[in-house]
Every structure is written in C-alpha cells, then in structure tokens.
Amino acid sequence: AAEAGPADCAVRTLGARSAKKRLKADLTLPFTARGKVLLTVDPDMVPGATLARWFKGRKVVADVHEDYLKLLKDRAWARASWKKFAATTLVRICTFWTKRAHLTVVADDHVPPMKGRDRLVVKNLPDFSFLPEPGEPDREAPRAIYIGDVRRSRGLQAMLAAVEGTYTWELDVVGPVLNPDDQAWLENWRATSSEQVRNRIRFHGRLDPQKAWALADGAWAGLVLLDDTPAFREAVPSKLYEYLAVGLAVVATPLPRMAELVKESAAGEVVADPAAASATLRRWSEQYDELLQARRGAREWAAEHLAGASQYDALAQRVRALAGH
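Under the numbering used here, the residues of the sequence shown are numbered 1 to 325, in order.
Please keep in mind that the hints were generated in silico from the structure rather than gathered at the bench.
Careful: at least some of the hints might be erroneous.
Stated by the list, open to error - Each pair of labels, with its calculated beta carbon distance range:
no., residue 1, residue 2, range
1, L29, R198, 23 to 33 Å
2, P132, D181, 12 to 22 Å
3, K263, S18, 44 to 54 Å
4, K56, T88, 22 to 32 Å
5, D313, R257, 56 to 66 Å
6, K83, Q183, 19 to 29 Å
7, H110, A33, 42 to 52 Å
8, Q196, A303, 14 to 24 Å
What the hints assert, rightly or not - No farther apart than 30 Å at their CA atoms in a straight line, the calculated lysine-lysine pairs in the DSBU-like style are these:
no., residue 1, residue 2
9, K84, K36
10, K99, K59
11, K84, K56
12, K99, K56
13, K21, K99
Glycine included, each C-beta is placed from N, C-alpha and C at the ideal position.
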C-alpha cells in the first residue's frame with residue numbers, strides 16, 4: 001500500500017501482517033527488490049538480505065535504530081518464556097549478520113553492535129528539509145504537539161493526563177497507534193473522558209513529514225514523556241532534537257540523556273509525572289515570558305549544535321559508493 005513519506009520519495013508498505021506472512025516477506029523481499037543496495041530497517045530482514053547478498057550479489061546496509069535486546073524487555077508479548085527465548089535468539093542471529101553487512105549504521109554510540117565490518121554512527125538529528133522555520137506561539141490557545149510512534153510507553157497516557165489537567169491546553173498527536181493493547185486503552189479513554197477534553201486533543205494518525213511538522217507552526221511546546229524502560233534509558237529520541245530545531249519549549253521525563261539535553265539547552269522542563277507536566281504547562285500559560293525564554297533556549301541550542309553538514313548526507317554518499325555511483 002502507498003504510505004506517507006517525503007514528497008520526493010515513493011514509499012510502499014505491506015500493512016499489518018501475521019507472523020507467518022511477515023516471515024515470508026522477510027525472506028522473499030530482499031530477492032524481489034530491484035536495487036543494487038538493500039537497506040534493512042528491521043533486524044528480522046537482515047538474514048534474508050544476507051542470503052540475497054550471497055546469491056544475487058546485493059550490497060547490504062543494516063540500519064539499527066535501537067538496542068533490540070533491551071527493547072524486548074519493554075514488550076509484554078516477549079515476557080512469556082518461550083517467546084522471550086525465541087525473540088532473543090532471533091535478535092542475536094540478526095545482530096551476528098548485521099555486523100557483517102557491507103555497512104552497519106547505528107543510531108547512537110551506545111547502540112549495538114559495537115563493532116562491525118564498517119560501522120557508521122548516524123544520530124537521530126533533524127532533517128531540516130521538512131522542518132518549518134521557528135515561528136511564534138499562537139496566542140489564541142496554548143497548544144502542545146507530539147510526533148512519533150504512539151504508545152503508552154512513549155507517553156500516550158501521560159500526555160493525555162497532562163493536557164487534561166490544564167483545562168485550556170490543546171494537543172496534536174501525530175503518528176500511528178499500532179499496539180492492540182494501546183488501541184484498546186485509547187478507545188476506553190475516548191469512551192470515558194469528557195467531551196471538553198476530547199475536543200482539545202486531536203489524533204492525526206500517520207502523516208508525511210512535511211504535513212506532520214506543519215503542525216509545529218503556532219504550537220507552544222513539544223512533549224517527550226517516555227517511560228523509564230531499558231530501551232529508552234540511554235536514548236535521545238529524534239523528536240527531542242526536532243522540537244529544539246523548530247524552537248519549541250520542551251516537557252520531558254527524567255531519562256538521563258534527555259534530562260541532560262533539556263537542562264543544557266534551557267529549553268524547557270524535566271518532569272517526574274503527568275501532574276508535574278500539567279503544572280508546567282499551566283505555569284507557562286500564566287507566565288508567558290518563561291515560555292518564551294525556554295523557546296529562545298531551544299533556538300539558540302539548535303543554532304549552535306545542529307547546524308553544519310548532515311550525517312545523512314555522509315550516509316547517502318556511502319550508499320552511493322556501494323551502488324557504484
């Protein structure tokens with residue numbers, strides 16, 4: 001199916017699949033892909049891409065977003081003993097072949113594999129081609145945004161509670177709710193929350209990057225209320241950098257690296273729970289100069305730390321070289 005992506009890039013996805021269909025796709029798609037270079041964005045695609053490398057001469061670039069062994073600890077389905085064993089074994093097999101790809105791209109210094117045939121760190125820094133220029137907050141209504149994967153471990157429940165407790169703030173949520181448990185929780189929230197609250201919170205689903213970040217125009221703040229989980233503890237999500245790049249004040253949970261960045265930039269507030277997040281938003285409504293100061297901190301930090309050559313350009317050059325161009 002056609003999927004939202006950058007304006008100049010054709011993106012197709014297979015939609016929701018059963019485990020059996022996903023396994024079939026993992027093994028067959030690398031052979032049906034037409035490119036000289038296969039870039040895998042899921043670990044379970046690496047074995048099939050490796051086979052295509054052996055039998056069809058494809059070059060393989062393995063893109064690793066997270067520490068997948070730690071990520072399994074965040075997934076309820078992986079807590080059953082046999083599923084945990086199967087998933088852990090699969091991750092270890094995929095990591096073994098990831099290290100042997102022509103190019104292994106990791107999202108941060110701490111993300112495994114720590115060694116590889118050719119390991120390149122490409123951090124989740126903003127792509128300014130689809131980000132708007134920093135603007136001014138819309139004074140008609142205070143508004144926060146969240147752009148990314150929507151699940152409770154990434155702050156879904158905390159965001160709704162925080163905004164509900166402000167009585168005036170609005171919230172735009174951009175991204176898919178894919179987990180069935182989170183979908184069920186959200187449906188229950190919609191059924192039990194007041195109409196006044198529901199009218200202040202808008203869910204947009206998945207949007208292409210330009211449309212998603214257009215919602216930052218006029219917004220006051222960006223929310224990054226991730227749970228303290230093994231997978232998130234050492235991470236800096238891309239949305240935090242992106243919020244800073246578009247000049248938004250930030251409300252974040254006290255995960256070590258996120259908290260360090262928010263404090264270093266003076267771009268917002270580190271909060272322990274939804275009640276504290278709600279209190280911060282209410283305070284910014286009442287003390288507007290404090291909000292403006294945080295937004296100024298975001299812009300100044302971004303200008304100093306996010307300018308210059310893009311790591312994505314360096315990756316593109318490496319892929320182009322593998323393709324023989």
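Status of each hint after checking the structure:
1. At about 40 Å, the beta-carbon gap between L29 and R198 misses the expected band of 23 to 33 Å.
2. The beta-carbon spacing between P132 and D181, approximately 34 Å, falls outside the hinted interval of 12 to 22 Å.
3. Taking the beta carbon of each, K263 and S18 are about 45 Å apart, inside 44 to 54 Å as hinted.
4. The given range of 22 to 32 Å is respected by K56 and T88, whose C-beta atoms sit roughly 30 Å from each other.
5. A beta carbon spacing of about 25 Å between D313 and R257 contradicts the range 56 to 66 Å that was offered as a hint.
6. Distance hint for K83 and Q183: a CB-CB separation of about 20 Å, consistent with the stated range 19 to 29 Å.
7. A hinted range of 42 to 52 Å is violated for the C-beta pair H110 and A33, which are about 30 Å apart.
8. Distance hint check for Q196 and A303: the Cβ-Cβ separation is about 39 Å, which falls outside the suggested range of 14 to 24 Å.
9. For the given pair, K84 sits about 35 Å from K36 by alpha-carbon distance, which is inconsistent with the 30 Å threshold.
10. For the proposed pair K99 and K59, the alpha carbon gap of about 14 Å is at most 30 Å, so the pair holds.
11. With a C-alpha separation of about 33 Å, the suggested pair K84 and K56 falls outside the 30 Å cut-off, and the hint is violated.
12. For the hint pairing K99 with K56, the CA-to-CA distance comes to about 20 Å; that is within 30 Å, so the pair holds.
13. For the hint pairing K21 with K99, the CA-to-CA distance comes to about 26 Å; that is within 30 Å, so the pair holds.
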